[in-house]
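Chemist: Using the hints provided, position chain B relative to the given structure of chain A.
In case you want the letters, here they are:
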Amino acid sequence: MTVFIIRRLLQSIVVVFLMSLLVFVGVNVVGDPVDMLINPEADQAEIERVIRHFGLDKPLHIQYGHFLLNALNGDLGKSFIFGMPALKLILMRMPATLELAFSALILAVLIGIPLGVYAGLKSKAKVSRTIMAGSILGFSLPTFWVGLMMIMVFAVMLGWLPSTGRGETVLVAGIELSFLTLDGLSHLLMPALNLSLFKMSLVIRLARAGTREVVHQDYMKFARAKGLSESRLIFVHLMKNILIPVVTVLGLELGGLIAFSVVTETVFAWPGMGKLIIDSIHLLDRPVVVAYLMIIVLMFVIINLIVDVLYSILDPRVRLQDMKT
Amino acid sequence: MKKIIVLLIPLLSLMFINSASAKVLRAGIKGEPSSIDPHYHNLTPNNALSREIFDRLIMPDDKQQLMPGLAVSWRAVDDLTWEFKLRKGVRFHDGSPFTADDVVFTFERAPNVPNSPSSFMTYLKGKNIVKIDDHTIHIKTKRPYPLMPNDMMTFSIISKKHGQGATTEDYNNGKAAIGTGQFKFVEWVPGDRLVLERNDDYWGKKPEWDKVIIKPIKSSPARVAALLAGDVDFIDNVPTTDIERLKGESGIELSQGISNRVIYLHLDHKRSNSPYVKANGGGSIKNPLQDQRVRKAISKAINRDAIVDRVMEGVAIKAGQLLPEGFFGVSSNLKPEPYDPAGAKKLLAAAGVPDGFEMTIHGPNDRYINDAKICEAIAQMLSRLGIRTAVETMPKSVYFGRASRGGPGKTPEFSFILVGWGAGTGEASSPLKSLLHTYDKSQGFGASNRGRYSNSEVDVLVEEALATIDDAKRQDLLAKATEVAINDLGIIPLHYQVNTWAAKKGIRYKARTDETTLYSGVYSN
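One line per chain: the protein sequences are A and B, in this order.
When we follow the numbering used here, the leftmost residue of the first sequence carries the number 1, and every step to the right adds one.
When we follow the numbering used here, the leftmost residue of the second sequence carries the number 1, and every step to the right adds one.
Simulated from the structure, these hints should not be mistaken for laboratory data.
Do not take every clue at face value.
Under the rule of at most 27 Å between Cα atoms (straight-line distance), these lysine-lysine pairs were calculated in the DSS-like manner [claimed, not checked]:
#1 B:510 to B:318
#2 B:441 to A:58
#3 B:410 to A:58
#4 B:30 to B:505
#5 A:88 to B:30
#6 B:473 to B:142
#7 A:88 to B:175
#8 B:88 to B:131
#9 B:218 to A:88
#10 B:142 to B:85
Isolated chain A (complex conformation):
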C-alpha cells in the first residue's frame, strides 16, 4: 500500500505540473488584461507602465518560469485587480462555497434517497412516475434558468425567501458561517436547492435502480419470510445495500460541486469562489484564474487518491498492488 501511495503521489506531481503548463498557457494566450485594468483616459506612458509592472511585456516562457519558481515557494502570484495574493483571495471566499456545496449535498441526499427508494418500491404508482419525470427535468433544465425561476417565484411573487446575497454570518473558529442564523439559513436555502437539483436527480435515479435490484435479492425475501417489520426491512437491509453506489458517486461529485458552483453563485450573488472566478475570467485577472484552477486540480488529485485508498479499505477484494494506476 505504501508503495502504491508513493507511486500515486509521484504521478500526481506530474499531473499537477502538466496542468500548470496547460492552464498557464491557455489563460495567457486569450485577450489582453491591460485594457481591463487601465482607465480609458490613460495615456501611452501609463499603459506601458502597467504592461511592464505586470510583466506582460516578457515572452510567455519567461512569465511561466517566474510563475513556476514562485509556485514552488507556495506563491501563486498576485491578483492584477486586487493587488493581493491570489491564493489568499481564493481562500477568503472558500468557506462560503464549501458551505453552499455541502448544503447542496445534504439536500440531495435527504430529499433524493427517500424519493428514490419510494419510486423503487412502488414503481408503478403515479407518484413514482412523477418523481422520475421530475428527476429528468432536474437533469436537463439549465441551472441558471431554474435559479432565476426560483427567484421569480419564491422571492418576487411569494416573497418568502431573500433573492440574493449570503445573509447574516457567525464567526466560528475564524470562519464565517451563515447556516447558524435564521437570516443566513433563509439566504442559503434557494441557492443550495438550486445547486443540488442536478445531484438530487442523480441520487434519485441511483437509489431507485438500487432498490429495484435489491428488493428481489434472496436475503430480502428471507428477511421478509423471517417476519421482520417492513421498516426494518427498508431502513436496515435495503438502505445498507443501496448506499454503496450512492456514496461513491457523491464523493466524486463533491469536487464538481465545489469547483463549479459558478452559475448558482452568479445568479444568487453568493460571495464564494465561483463568483470570484467568473469575475476574474471576465476581467482577465490571470493569476487568480490560474491559482484557482491549480487548487481545483490539486483537489481532484487528492480526492481521487482518497477514494482509491477507501476502496481498498471498504472492499477487501480490491487490492491496491493490483491497481496499476
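Modeler: Relative to chain A, chain B alone:
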C-alpha cells in the same frame, strides 16, 4: 438579576427605537470596487465610492460641472500657476482638521501606490504643488495648463495623519479609510457587502441615509429580481430589455439621464491595404475608408433613429458629435447626420466604388449597452447600401487588446470598429485628445486613436486649446476642432447612452452624466 433586567429594558427599547427610525438604503450595484484605497485603482466603481468617503478639491455635480469641494475657489494666477483656496473648518471623520498638508501629501501618494493596476499619474504628472499657507496652495506647471480644475475633480484627498505609511490593505480593512466625505466607512466584505454610515459633521449637504448597505449583484436579471423582491431598495445599470416591464410595476420608480458616453465608429484611416476591407469577391482593394466620401456615405446610410428606437428601445439619444449639448467645448453647428440612402449611393459612386465592397465590423459584446446588437444593425444597414458587412463581436477582454494593439508592431488590428468614449474630464478636449489627435506616444496624444486618424488642422487646434487658459477662447477652439474632425468623419458618432437606475417607490436618483452611482445622490420624495 432583577437589576440587570431593569437596566436592560430601557437599553433594549432604545435599540429598538433606533433601528426603527434609522434610514437605511440597500443598494444592488453592478460593478464592485476593487479596493477602498482611493488611489489604488483609477476605475469608475472605485472612483465613485472614493468620493463618498473622501472629498475632492473640486467636486463634479451631476452634469460634471465644476463645483467647490475641499477648494472653495480657484484661479490662474499666471499662465503657469494655479491658486486653490481651501475650505476652512473641515474635519476628517476622526475629528482631525483638514489643511494644505493633506493636499500636498495626496499629491505625493496618489500617483505612486504599489501594485496599482491603473494609477492617477495621468492627472498628476508635471504638476508641482506648493503650500502657501494652511488654506492656500499653488500648483505650478511647465506649460500653460487650462485643464487644472478638471484634473482636480478626478482624485480624492486623503488624510496625511492616516495615510502616511498606509498600505492599500489598511484602507480595505478600514484602518486608514478616514476621509472628509459625506459617508464614513464601516466595513467591506468583498463580493458580499460594503457598509457606509452618514458623516453627521459633513461640511456640505448631508445625505439622507443613516446607513447604506451596498451589495454587488453582477447578473442583471438577478439585480432586477432583487429589487422586485424587495431585497434591495435601489439598483443601477437597469438593462434596456427590462425598462418597459419595470415601468409597469406600481411599486418601482425609474430615474434616467443622458451620459457623457458617445458610441461611435472608428475607421482605418492609415493603412491603404486594410486587413478587414476587401473588394467584392474577396480580392484586395485600396482601402476605400480613406476616402472622405465613402466615410460620409457610411454615415448617411446609418439610420440612427432606427437604432435608438429598435435596438436601444428608445433609451439613447442620437449623436452628431463627441459630447451631448451642454458640455464645455461642444459645437452648436453639428447635428446628427440624417438618414439618406440615396445620397449615400451617390457618394459611393462618386468615390469610384458604386457597387460597394466587403468589410467586417468588430465590436465588444459585453461592454456598452446592447453593443453587439448595434453592430448587427449597422452591418445590415451598410449591406443594404452595397457594402457587404460581416459582424464579429467578442468579449471586451479580448476585443480591446486586439483593437488597440493586435496588429503587427502593436498597432490596431481591425478596420472598422464600434467603440464608446466617456469624457472623464467632462469637456471636449478629452475625446479630441485621445481619439482624434494624431497618435503621438511622446506627448501622450491619440492613445485611443484606434483608426489612427491624423489631421494636422485638428492637431493644431487641440494643442492650442490645451494651452489656452481663457475659458471662452478655449471653448471656441475645442468646438472648432470638433467641427473639423467630425466634418472630415474622423469618427462616425452614433448615439449617446442613456442610463437607467431603478428604486422602490418613493426613492429617486439624480442621474449623472458620468454614469456613476452615488448614494449621496439617492433621495426620497
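Chemist: Hint by hint, which ones does the structure fall short of?
Modeler: none
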